[in-house]
Amino acid sequence: NAGVTQTPKFRILKIGQSMTLQCAQDMNHNYMYWYRQDPGMGLKLIYYSVGAGITDKGEVPNGYNVSRSTTEDFPLRLELAAPSQTSVYFCASNRELQETQYFGPGTRLLVL
Amino acid sequence: GENVEQHPSTLSVQEGDSAVIKCTYSDSASNYFPWYKQELGKRPQLIIDIRSNVGEKKDQRIAVTLNKTAKHFSLHITETQPEDSAVYFCAHGSGNTGKLIFGQGTTLQVKP
Numbered sequence: 001n002a003g004v005t006q007t008p009k010f011r012i013l014k015i016g017q018s019m020t021l022q023c024a025q026d027m028n029h030n031y032m033y034w035y036r037q038d039p040g041m042g043l044k045l046i047y048y049s050v051g052a053g054i055t056d057k058g059e060v061p062n063g064y065n066v067s068r069s070t071t072e073d074f075p076l077r078l079e080l081a082a083p084s085q086t087s088v089y090f091c092a093s094n095r096e097l098q099e100t101q102y103f104g105p106g107t108r109l110l111v112l
Numbered sequence: 001g002e003n004v005e006q007h008p009s010t011l012s013v014q015e016g017d018s019a020v021i022k023c024t025y026s027d028s029a030s031n032y033f034p035w036y037k038q039e040l041g042k043r044p045q046l047i048i049d050i051r052s053n054v055g056e057k058k059d060q061r062i063a064v065t066l067n068k069t070a071k072h073f074s075l076h077i078t079e080t081q082p083e084d085s086a087v088y089f090c091a092h093g094s095g096n097t098g099k100l101i102f103g104q105g106t107t108l109q110v111k112p
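Those sequence lines, one after another, are chains A and X.
For the record, in the first sequence the residue sitting at position 35 is 35 according to my numbering, with numbers rising by one throughout.
For the record, in the second sequence the residue sitting at position 66 is 66 according to my numbering, with numbers rising by one throughout.
Quick caveat, the hints were computed from the structure, so don't treat them as lab data.
Don't take every hint at face value.
Derived pair list, reagent style EDC-like, types lysine to aspartate or glutamate, alpha-carbon separation capped at 20 angstroms [to be verified]: (1) A:K44 <-> A:D56; (2) A:K57 <-> A:D73; (3) X:K37 <-> A:D38; (4) A:K57 <-> X:D27; (5) X:K99 <-> A:D38; (6) X:K99 <-> A:E96; (7) X:K58 <-> X:E83; (8) X:K22 <-> X:E79.
Isolated chain A (complex conformation) (with noise of 0.2 angstroms):
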């Protein structure tokens, strides 16, 4: 299994752009999230998802949207992009509740 991949690993964007940041994973996991990493800080919850096609929001879900069409994917769009949404984004799965979240390797976003 490749487990939760992402891409792409590194992207600038400039102010007012849009783009979608790509996450996937093999395991048939039902359970799937968004997170953003600042410098020197923790994660915060962007988006989740339950299942393919129910998503919900997060803790920071402003300036972004998802979709789960399929178990398989699940896509971070970004609408013009601003510099406060310069981080680190992490996608995570889990196979059920309470069981361990799997990070993919990350996706580093600069907006200028």
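Following the hints, position chain X against chain A.
Just chain X now, with coordinates in the frame of chain A:
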């Protein structure tokens, strides 16, 4: 609320000494308490977790204790080694969504 406070923010110990990191939460519905280790530039990885029906759990040199009445839980690392140097995050979760709320992190430095 759902916040979690983590202390200390930095911790420096000599190799072989013990290290203790403490977290306090406020959500009385929380019932899952994982600890993650994050090495520089890497993804977070689960090192140990505990559920609310257990007061203590140990895995070799790592142990976690939970006091639900006082709403705090702690990570204990004994016989620390240089490879234990990393950032450690506590988290707590509840309900049927799998959402985790993370602490701010503790940077542990183990001096040889």
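| Violating hint indices (sorted, rising) | Result: no hint breaks.
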